[in-house]
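Using the sequences and the hints, build the whole thing.
One-letter residues, chain by chain:
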Amino acid sequence: MSENRQWIRQLNVILPIGALVAILLTAVWSFAGYSIPNSVIVGDIVLVAVFFAFHAATHGLTNYVLKRLLQTLFVVWAIATLTFFLLRTIPGGPFDQDKALPPEVKAAIEAKYDLNSPLYKQYIQYIEGVATGHLGYSYKYVGREVTDIVASSAPASLQLGLFAMILAFIVGIPAGVYAAANHNNWKDNITMVAATSFISVPSFLVAPILITIFCFGLNWLPVAQWDGTSFYIMPVIVLGLQPAAVIARLTRSSVLEVIRSDFVRTAKAKGLKQRTILFKHVLKNSLIPVLSYAGPVTAGVLSGSFVVEDIFNIPGMAKHFILSVTNRDYPLVLGVTLIYATLLILANLVVDILYTYFDPKIKLA
Amino acid sequence: MSISRIIVLSCLSATILTTACTRKAKLDYGLPLNQTLRWNIITEPPSLDWTLISDTTSSRLLDAMMEGLVRYGFKDGNVQVLPSLASSWQPSKDMKTWTFTLRQDVKWTDGVPFTGQQIIDSWERLLNPKTGAEYSNYLFIVKNAEAYFDGKIKDFNQVGVKLNDKGQLVVTLERPESYFPAILGNECTFPIRKDIIAKYGDQWTTPAHMVTLGAYKLKTWDHDKAVVLERNDGYFGQKPKIQYILGLVISDQSTALDMFKRNELDALDEIPTIDEESVRTMKEYRQVSTLGLYYFGFNVKMKPFDNVKVRQAFAMAIDKDEINKINGGRELPANSIVPPGLVGYNANVGMKFDPEKARKLLDDAGYKDRSKFPHVTISFNTDENHQRICENVQAQLKRNLGIDVELTNEEWKTYLKSLQAKIYPMFRFAWIADFPDADTFMNLFESNNANNDTNWVSKKYDSLVTQAASELDNQKRQQLYDQAQKLILEDDAVIVPVYFYREQYLVNSRIKGYPLNVMMKFYPQDMEIVQ
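Line by line, the protein sequences give chains W and B.
For what it's worth, the numbering used here labels the leading residue of the first sequence as -14, then goes sequentially.
For what it's worth, the numbering used here labels the leading residue of the second sequence as 30, then goes sequentially.
Please keep in mind that the hints were generated in silico from the structure rather than gathered at the bench.
Here the structure is a predicted model, which is why all the values come from computation and not from measurement.
Beta carbons are placed, not taken as given, at the ideal position from N, Cα and C, and that holds for glycine.
Certain hints may be false.
[As the list claims (entries may be wrong)] Here are the simulated PhoX-like cross-link-like pairs (lysine-lysine), alpha carbons at most 25 Å apart as the crow flies:
1. W/Lys84 - B/Lys389
2. B/Lys550 - W/Lys84
3. B/Lys488 - W/Lys84
4. W/Lys269 - W/Lys255
5. B/Lys181 - B/Lys125
6. W/Lys97 - B/Lys446
7. B/Lys312 - W/Lys97
[What the hints assert, rightly or not] Which chain B residues face chain W? A few, computed with CB under 8 Å, are given here:
8. Asp78
9. Ser83
10. Ser165
11. Asn166
12. Ala176
13. Phe178
14. Asp281
15. Asp287
16. Arg291
17. Thr443
18. Leu445
19. Gln449
This is the structure in structure tokens:
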């Protein structure tokens, strides 16, 4: 029994570290300009899934996770339904254009895309498609399936989002701990002023400033495109800066709260080093607010940023969130909405499970 | 977990990754710089199926890859209709039948010879309602074409396009049309390969399957990133000098400009408004007039524009030169509907700016007391350029007529819906020519035209425009168009032309002969790279 427990405890440490290391290495390789084969990405996902499944199974969360996954299905269906009908209420249709089409021509095009059949039929057909993984054909990009459009544009967005979030954590958490450790002195003040500035300055301002300095001034980096390490640096900084700043602020206030706890006082009394206390004992207990923030932000960042992708000409999927609506490309709007919704729901689920990992006192039911 | 385990795990993962990963392909696609034009195509082409396209990007790419019965020439500021797949053509006396003699030496990129039947196949596909082509009505001038589209005729043989015994293409029209060959430079009329489309379906425009017969062929289509064209060595016309065209999809104009300045791009077809002034001083700057008209329209059934004197007063109170100034002087102020370079252009037709006369007309219309002038709105689609222009018009109307107008704007598709519903009293709009003839502009305001958003109906105007369309004598055509333009612009003052478009480009000095023309056709044969 005790051997089993030890084994479980060890796996509970090995699995998350393994998954984290795998993701980080994949990110580093990808950042270095290597193209990552799908098998490696699937491997990463499997590792993460195994960790969560294992954690859920050994912490009595299986029923909770299954319940949440069922809820996810319901939420996705509700979003699909709402989006489907809301889209039809927007004035202007997919084939309205400056050169107005004669009614018979418009009718023929609408017939081709089944837009002339009753709305409930279109809806049933759409939901059936979603259930079987077929999101329909784009109205704008002739002959291209929405799944194909998303599949070709998602990798760049996911890559950019992953790099940006790694940057946000790598910079944000140490900066927050550093500020908290130097509470109320100039180091704290400078860190927090910088963090507040990065939160307030929009990316469409940071990007041109960086381009002016690093492309035209120093000639170190290319202006745009998504073609290797030197191309990744600026967009990742621009996208990662704001979450890094928020994470730094959250970490700081959380660390300051935990640092006053009894167990920290005990650790200090035992003579542990300040660094050990901060990074081994305080930090783990301070991550809950950061996690709450990071969940939805990660979903948002992974699905792309229109401004950053546009300025740096990154072939990601963020543009589809905007252009599909202006084009009234209903299938594409629905496709990207569902993807974002799924990412958001899963990110929140992941965060909820991670709560119990970092703070076993938290019980999910 | 011990540090050593983490290290072992990391090394293991790193080894797997190293063996699994390969270096990413570069976005220059390995093309030699001295043989490649690097060009910003702005958007991902929605399609390269020329029966289905209706956008500029796809159209410009296909200009390089395909040919139609005719192509356009642009000498001395005028547009000429030149032979291409048709070596010559002849109209019948009544202008209702056109006979095209076809070239016999043309081959597609897969070696299959070009035939007249491929033109008939293309027109059948365009007119087949199942195809769902946005340009289906483009060939409704052809006899029975509309009836075939509507399903009233099932047999395409009854449509007025046939091959005669000599292999010539004979086209019969519904009514006489003197400029008919000019419409055949549009991609939707180009020949197609039915066998290829039947074999590959929607996927026939992928690089592996697409066959064309123009100067270039499709080499790579990397969605959302780039399109690469390669010289077609079997092309029947003038051989292009540049081997590759790399069309990069860069939607942000400022980014494209930055890349151009860093010599990463050779040609830009659009320049961000904010940078226009600085760019004009660059030696790479080019400007060319195009066949496009920007105008304001009145809804003649809505108050106060149901009164012709109010419309005339508005038309005379708007100084187009002033609008052009606030626009940075980039456009060509317009009085007429037909742009320069086409038969029908007349600089003297239309309302001239005359604020004094405008005030008097408004007095005569019954609005001497300006406070009694009804609430009027000017509508435009949300866009900073349109906003700037409309704000200027608002200020001019206040200054010159002493009236207040309100501005309203809507998102593009919503705006189009409202325009078609004819709910705007005064609105801005623009028209870009589909083919180089005055009729593409003039028929816009015919009573039954789907794009006539003014509610204006004039049998006289319809008759003049129809007569002009069938007139072969240019002098007579000019007279007819003069009369029609006087009617719509002066007597009835239904629209106020504001300017003709001028397109602005940046072309790297290493590129010679970049195609700049009024039709924005991307004919690349004359281009060359000078190092």
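We went through each hint and held it up to the structure:
With a CA separation close to 37 Å, the supplied pair W/Lys84 and B/Lys389 exceeds the 25 Å bound. For the hint pairing B/Lys550 with W/Lys84, the CA-to-CA distance comes to about 19 Å; that is within 25 Å, so the pair holds. Annotation: proposed proximity of B/Lys488 to W/Lys84 holds, straight-line Cα distance about 23 Å (limit 25 Å). The straight-line distance between the Cα atoms of W/Lys269 and W/Lys255 is roughly 19 Å, inside the 25 Å bound, and the hint therefore holds.
For the hint linking B/Lys181 to B/Lys125, the alpha-carbon distance of about 22 Å falls within 25 Å, and the restraint holds. For the given pair, W/Lys97 sits about 21 Å from B/Lys446 by alpha-carbon distance, which is consistent with the 25 Å threshold. This hinted pair does not check out: B/Lys312 and W/Lys97 have alpha carbons roughly 49 Å apart, beyond 25 Å. A distance limit of 8 Å between C-beta atoms decides the matter here; for B/Asp78 the minimum to chain W is near 6 Å, and the interface restraint holds.
With 8 Å as the threshold, the beta carbon of B/Ser83 comes within range of chain W, its nearest partner Cβ sitting at about 7 Å, so the hint holds. About 5 Å separates the beta-carbon of B/Ser165 from the nearest beta-carbon of chain W, less than 8 Å, and the hint is met. Interface hint status for B/Asn166: upheld, as the beta-carbon distance to the closest one in chain W is roughly 5 Å, under 8 Å. For B/Ala176, the shortest C-beta to C-beta distance to chain W is roughly 11 Å, which exceeds 8 Å, and the interface hint is violated.
Residue-level restraint check for B/Phe178 holds (minimum Cβ-Cβ distance to chain W is 7 Å; threshold 8 Å). Annotation: interface hint on B/Asp281 holds; nearest CB of chain W at approximately 5 Å, less than 8 Å. Evaluation of the B/Asp287 hint against chain W yields a held restraint, the C-beta minimum of about 4 Å falling below 8 Å. At about 6 Å, the closest approach between the beta carbon of B/Arg291 and any beta carbon in chain W falls short of 8 Å, and the interface hint on this residue holds.
Interface hint status for B/Thr443: upheld, as the beta-carbon distance to the closest one in chain W is roughly 4 Å, under 8 Å. Interface restraint check: B/Leu445 against chain W, minimum CB-CB distance 4 Å, threshold 8 Å, status holds. Residue-level restraint check for B/Gln449 holds (minimum Cβ-Cβ distance to chain W is 6 Å; threshold 8 Å).
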